[in-house]
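Asker: Sequence:
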Amino acid sequence: MLRYYLSCGLLILSACVLHAQSIATEMEVYEFSDGLSHRNVFRIRQDQTGMIWMATINGLNSFDGYQFRHYHPESEEGQLPAEMVSDLALSKEGNLLLASPDFLTLFKPSTRRTQARKIKPGDLVRRESLVPHNLCQSG
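Residue 542 in this note's numbering is what sits at position 57 of the sequence shown, and the numbering runs on without skipping anything.
The reader is advised that the hints may include incorrect statements.
To be verified - Using 27 angstroms as the maximum straight-line C-alpha spacing, the simulated DSS-like pairs for lysine-lysine come out as follows:
1) K603 x K593
2) K603 x K577
3) K593 x K605
4) K593 x K577
Hints in this document: simulated from the structure, not taken from any laboratory.
Go ahead and model the full structure; you've got the sequences and the hints to work with.
Answerer: Here is the structure:
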């Protein structure tokens, strides 16, 4: 019993003496005024060139470290089939696979062109859409 209390006491004492190392980090918070299309960001990925891609409720956003670019259904370049992008995955070739209500879209950043494939027949109906939320990626 004495060993138990002695062990517990040493454990508590060592926990008081030991402390974690602090890591200096900086965090920048971006707002609508900075060019971010929406604060609801579902997925963030960084490609081989350093570009940061964000799937948001208001489309796809890219960020090069200086400015945001927004892709949505009314975009002249990179026009998306639906406003919301629920998930994104990067291919080895540097293209993006986007999940949206009723659509899977291939986005080519080098040309800013899209190829959309409808995954549910019929019209896009809010709250009745098929929305992929998790694009699995191996390796």
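Asker: Hints broken by the structure, by number, lowest first?
Answerer: When the structure is compared with the hints, none of them turns out to be violated.
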